[in-house]
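Could you build all of it, start to finish, from the sequences and the hints given here?
The listed protein sequences correspond, in order, to chains Y and L.
Take the first sequence: its position 242, counting from 1, is numbered 242 in my numbering, and each next residue is one higher.
Take the second sequence: its position 658, counting from 1, is numbered 658 in my numbering, and each next residue is one higher.
Since the hints were derived computationally from the structure, they do not count as laboratory data.
Quick caveat, the model's predicted, so the values are computed rather than measured.
Here a beta-carbon is modelled for each residue, glycine too, at the ideal position from N, C-alpha and C.
It cannot be assumed that every hint is accurate.
[As the list claims (entries may be wrong)] Straight-line alpha carbon distances no greater than 27 Å define the calculated DSS-like cross-link-like pairs of lysine-lysine that follow:
| no. | chain 1 | residue 1 | chain 2 | residue 2 |
| --- | --- | --- | --- | --- |
| 1 | L | LYS221 | Y | LYS90 |
| 2 | Y | LYS394 | L | LYS627 |
| 3 | L | LYS900 | L | LYS874 |
| 4 | Y | LYS90 | L | LYS292 |
[As the list claims (entries may be wrong)] A short, non-exhaustive set of chain Y residues, derived as facing chain L with CB atoms under 10 Å:
| no. | residue |
| --- | --- |
| 5 | MET86 |
| 6 | TYR87 |
| 7 | GLY100 |
| 8 | PHE113 |
| 9 | ASP115 |
| 10 | ARG189 |
| 11 | PRO190 |
| 12 | THR412 |
| 13 | VAL509 |
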Amino acid sequence: MVSAYRVDALRNPTFALQDFYRECSSNDTASFPRQVSNHYAQVFGSPEAFNEIPTLDIRKPPDTFQDRSLVRFRAMVQDTSASTEMYLSKSKKGECGGWGIDFTEQEDARVDFTDLRECSVLWVVSVPSQSTWSARELDGPVEHQERAIPSGSRIPYEPQHSHKYPHPSVSHLGVQVKVYDTECSEKLRPTDVATFVGILTNDALSSSLDASVDVPTLHVLYVLQQHPSNLLTRPYPSFVATETPVDGAPSGKGKDRAVSEPRPEELRTQLIEWIAEEALGGDHDAAEWVLLACIARVQSRNPPILPPSVTITQFPSPPLTSSTNAAAAVPTPTLSAVLAELLPLTHTLPLSLPLLNKEPFAPESKDEDLHSGALQLPQGTVLLVTESGVQEGKLVDRGVLNVRALQEVMATQTLSYAFPFSAFSFPTDISCIVLSEGSKSAFFKTDISVALRGATSPEAIARLYKPAESIKMPDPELLAAFRDLVVGARCGKVQVSVETSEYIQQDFVRERQQDQSITSDDLIRRMTVAKLYALSMHAPTLTVKVWVRAKACDERRRAACAQTTVKTKP
Amino acid sequence: MQDGGQAPASDAPAAQPLFFASTPSAAGTPARRQNLATPGSRTSEVARRAVGLSTPRGKTPPAPATPKNRRGDIHSSLSVTPVTAASRQVQRPRNLDGDLNSDGTHMDLPASSAPDLTAPTVPSDEPDEIRAIWGTTVNINVTMQTFRDFLLNFKVKYRVAHDREHGMRTRVLSTPAEGEHTLYVTYLRRMRQTGETNLNLDMINLSSYPPSRKLFSQVVKYPQEVIPAMDQVLKDLMLEVAEEDQQAGMPGMVGPEGEEEIADIMSKVYKIRPFGMPSINMRDLNPTDTDKLVCIKGLVIRATPVIPDMKVAFFRCLKCNHTVQVEIDRGKIDEPAMCPRDVCASVGTMSLVHNRCEFADRQVIRLQETPDAVPDGQTPHTVSLSVYDELVDVSKPGDRLAVTGIFRSIPVRVNPRQRTLKSLFKTYLDVVHVRMTSSDRLGFDRSTRALGNDRVPGVGGIGGVGGGADEDDEQDLTGEQERRATRRQEMEAKLRELSQRPDIYDLLARSLAPSIWALDDVKKGILLQLFGGTNKSIARGGGGGGPRYRGDINVLLVGDPGVAKSQILQYVHKIAPRGVFTSGKGSSAVGLTAYVTRDPDSKQLVLESGALVLSDGGVCCIDEFDKMSDATRSVLHEVMEQQTVSIAKAGIITTLNARTSILAAANPVGSNYNRNATITQNIDLPPTLISRFDLLYLVLDQVDETLDRKLAQHLVSLYLEDAPQSGAEDYLPLEELAAYVTYARSRISPAITEEASEELVRCYVTMRKAGEDPRSNERRITATTRQLESMIRLSEAHARMRFSVFVELDDVKEAYRLMREALNTSARDPTTGEIDMGLLDTGIGRQQRKLRGDMRRAVLAMLDGNAGSTRGVKWTEALQQLEEQSSVRVSTSEFQEVIKELEQEGMVKVVGDRERRTIRRIGGA
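Rendered as structure tokens:
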């Protein structure tokens, strides 16, 4: 019965909604939007049902759908600054209003203002920096989706308002969304990622003051909020720890993975090895730091426990290509492709003077329209910044502001959006990995810098920039395990035992006495690193052993850095 | 005003019977017209009316005929309801009444003395209920009567009583007569004298006058009906008062002069501009607020040019030249489909004659939420405002406004030509009153304003100066109203309760930067900086506009790297009401003060403010203070003592206010603090600048096992706990702390008690005395008046922190303690270990001065003793000799300084250069 209803809702959502309105009309209409949310969330509650809703994405843009079809759109909220709209919640005859349903009424009919309701208008864009594998996983199998057969040939879709997408040159969708359940819309903030299920129409852009511009508009039935700072969820720890004596006896819980797959320790080593071999010229230490940076996230804002920013120094520039259009395409490092295979959200920002001087990094409101900036990225994005494209030249005002914006993100995880006469600071959660040619980043002050070793010969350098196709991919199973490890670690939490914290304190006091130059900053950094280290091992607690290893790792890095700095100094 | 929109009804024949009943004319006031209009036009009008044709009202001669009282802001929907008729019934006879009086007959004494006569004296054929506002039981006549009563009989004492009732501070009235003052009658006279047509009506006054209390809610609920009615009452009363004055023979109201004055009043359109409602957040505007009076606040981000808004359209039949006027009705004008003349009745021949239409000035303003009103993590919303007539161009982008207006929702048409309505509505506000709010509302400090504007509370709008804008003196009034808002009250109660805690000082200091361990005194000093002392003006003694003594406290942190200085700055930046964070390295002098650019739109030179000006009334945090260029730092001299920034650039010469506290952080010269050197040697900053800091803290990184252990414990608990909570100690969340500071800053200005001032004197003397040393004739300077001023500021800040209106003994003691703590670390001479303010003020400590004195004597002795006094002594030789004599090492630079001094005094002369320099004794013995 329910499924029959579901089919109706899929085929003709407007009728289904009107039916539902008649069903509910006995109740008070004030809470109707709320009821709609709950009702549809229930109808499409099960994953199978949810997968039946056709997705709206760049391969299936709005013009392939019939007017008023039911779609789901996983998107990032870009702009919430449009004012709320009022709509007539019921017609004279008592029909359902809202959700883009028009009435034909006599003009002079007096509108009963008590029937007016509010709906919020947002601008959402397809999730920037989303990797293909995570998109595929969230979309579900395509063949399950209930959709009309698309007409054969059509012109490629041109997104409107591309200034509202962080990376305008990348193909994307921008959709106006109207949320009728105001309670739900209040929770949506810029850069939140959510799946909007609703009826797709073409409506006038609400924020435009005069000339009406039609844009794809989604009248939302319900919103499914995505896991904050992670698109996907994975178990953490992904295995039952066999090391710790407390959890010694394997209970029935961890049966599937723990048995069939290598222990996380080994898996971690394999993962580091893979990253090192494919993207970092075999440097395992650097690969380890990349892994740690990938699983870092904002844990607390007050006190600030933010993801550490990492610079990989001595990362050589791409080999000069002999082709004439060298200026056009600076090859991206293979690391970018490797990260995209592992992480649900990752973006590469190839810094160059034209990019810095022309593209805005922070969103800015112009003429009451919030233009996006390259850093308006969803929470949990790992940002790879490459400096190899920067040539000598002049950095203009915008460039300086852009550098400052990115530095602000690294240091405080906030991004300030410019509005007329005021600026508003928004929280971000972007872990940054900077690839720099020198012994430190040219623009940014990062928490950690790691020197890349062993990439000196032209062949080795060429290997750092090899195209994504020539990456040697691990077995699908192993790759899945890698992803589970990384994504799981991103969701995980680590406990700290009393003994460990006791030990850490002792350690610090002892070291201070030996070496005055060690400050609380060092302690803070080490603790952050140790915690990430434990996460990367899927360890439920931070043990003394992990602490020692993490510290050793950090020391090794510092020593290597000091060495290269000395070496490069004349 | 009542007429505002009645045209379609009156022009349509069907509506006419309504007017025949009691009024002969649908347009103008016949009595007046008889006097002044040409007979010809009148007859033709009468003729037209007789045949049931509409009368072109646009023809009305300019002078004293009563114009139609149209307001752009209120599109009354009365035209479709019988109320128009009702109000019209009231209006016309009233005018007739007045006309009779002024016609020179004078048989009838003005009815104005009996306020309740107005409406009831007018007989009406209409049944009573139709005078009510459509769909309600509100009777327009009663409303008008009440309002009339209010205008005539409202006295200041009512407002005072009302304020007292609501627990507000009221000013004591100097005489009982002051309380009996009928405020609005005075206003009416003033309006006549100044020719002003707008009366700003404080809504609080409406509700404080007992008989008019219900009027308050009526205005809020039915502004479109009630405000026009009020306008009419206002006009009637204007006439009455004028006539009264004329009869009383007031100067300027006698004979033809008075006649002219009254005629003038007749010709004017009077407007009531209500204001003073509690403002609501624009996010809270609901559909239920539609067509109600609301008050919102925000920031103007865009204003359109003036748009001519058609009020009355003038149509002419192309066939028979018959003309029709159509008034705007709810934002639209209906073009007549056919010629209304029965004989003609041709379809589609009516064409618009543009230059005969009437237009009003209109402007659309976009108002954005102010940062303090936006919920956390959200983007600001904007609302459209329509302003009309006098309010056009009153505000410009960047202004903060509190606007009172009618909330409108108008349906969005799918297509202007179609009749299909989208079920969508656009919303905007028709503004009736605009008030600028001070842009630094948060740190609003009364002492920065001119004195002498102290007013009786409740004196509402003065006859709309500039349409009621820029009334600074209403500031405090609104402040009071806002306080009334329940949320604010709750907050206030909470803060008050908080302030009563005995450990409030520690709690606040602890919450300032919870992730930073220890540094308690630094935190306390910064906390007091946030609160600030009170600004004092010498003007209090008489003569406005005297110099102002700063109440802002400046703090400098100097210390080793890695002691969380920057973190403290970041915290302060978040808490301070108007904090600006800048890094010394990255800012130029221009970036700190202001720079002149050309506006891309207007091509005009504009002044853009820099960090210091932006933080006016707040705290400017400057990191890496030592790495600032000297040129940049030099601008701080002016800011830190005079609290202004003077600009003379590109033809703009101005002085901007920069009443800002400065919190700066610097590293010592050699990046690590050298304990053997003085502070001035350690910090490479000019002593003139250092002395301007009230508190100077040295934050040193000392290796100490117990301290280290505690620090590690603190950090481990912060960074490794799962839900990082800082143990059992309670902290105030950042927002609450910020609210506390803001509240204290804006509401409390403590005064120093007798006891406290004695203590201040005592402390100061003690500090000064500490420098006296019986063994030496040279005095060390331990405290200067700058320190006394600092101490006063700190004690005031401490009292403010306690929400106390008086500075008491304990406040001074704590201030003294903080000063000593800061002095102890910063002004201690490294060689003697004694406090020496001279170190900070001149950079030279007492020890050093003594040394120089000794050297000077030795040099002179050497030169005098030297046989070849005419030849002088070689520089190097002299240095060598001194070195031999002295028990301490003689530094070259010291020697150089001494010689320079001597040379300036004319005691010695240096000839030759470099190695060949010789010192010669000249002058006296």
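Status of the Y:PHE113 interface restraint (C-beta, 10 Å, chain L): Check passed: Cβ of Y:PHE113 comes within 4 Å of chain L, closer than 10 Å.
Given hint Y:TYR87 near chain L, where the shortest CB pair must fall under 10 Å: This hint holds: Y:TYR87 lies near chain L, its Cβ roughly 5 Å from the closest one there, short of 10 Å.
Minimum beta-carbon distance criterion (10 Å), Y:ASP115 to chain L: Since the shortest Cβ distance to chain L is 8 Å, the answer is holds.
Interface restraint verdict for Y:VAL509 against chain L (beta-carbon cut-off 10 Å): Because about 5 Å separates Y:VAL509 from the closest Cβ in chain L, which is inside the 10 Å limit, the hint holds.
Agreement of L:LYS900 and L:LYS874 with the hint, judged by alpha carbon distance not exceeding 27 Å: holds, 15 Å
Given pair status - Y:LYS90, L:LYS221, alpha carbons within 27 Å: holds, 24 Å
Status of the hint placing Y:PRO190 at chain L (closest C-beta pair under 10 Å): holds, 6 Å
Straight-line alpha-carbon gap Y:LYS90 to L:LYS292, limit 27 Å: holds, 22 Å
Status of the hint placing Y:THR412 at chain L (closest C-beta pair under 10 Å): It holds, given that the least Cβ distance between Y:THR412 and chain L is near 7 Å, below 10 Å.
27 Å Cα cutoff - pair Y:LYS394, L:LYS627: Within the cut-off at roughly 23 Å; holds.
Chain L contact restraint on Y:ARG189 - CB to CB distance below 10 Å: Hint on Y:ARG189: holds, closest Cβ of chain L at ~5 Å, below 10 Å.
Hinted contact Y:GLY100 with chain L - closest CB pair below 10 Å: Result: holds, 8 Å to nearest chain L Cβ.
This entry satisfies every hint, going by the numbered hints stated previously.
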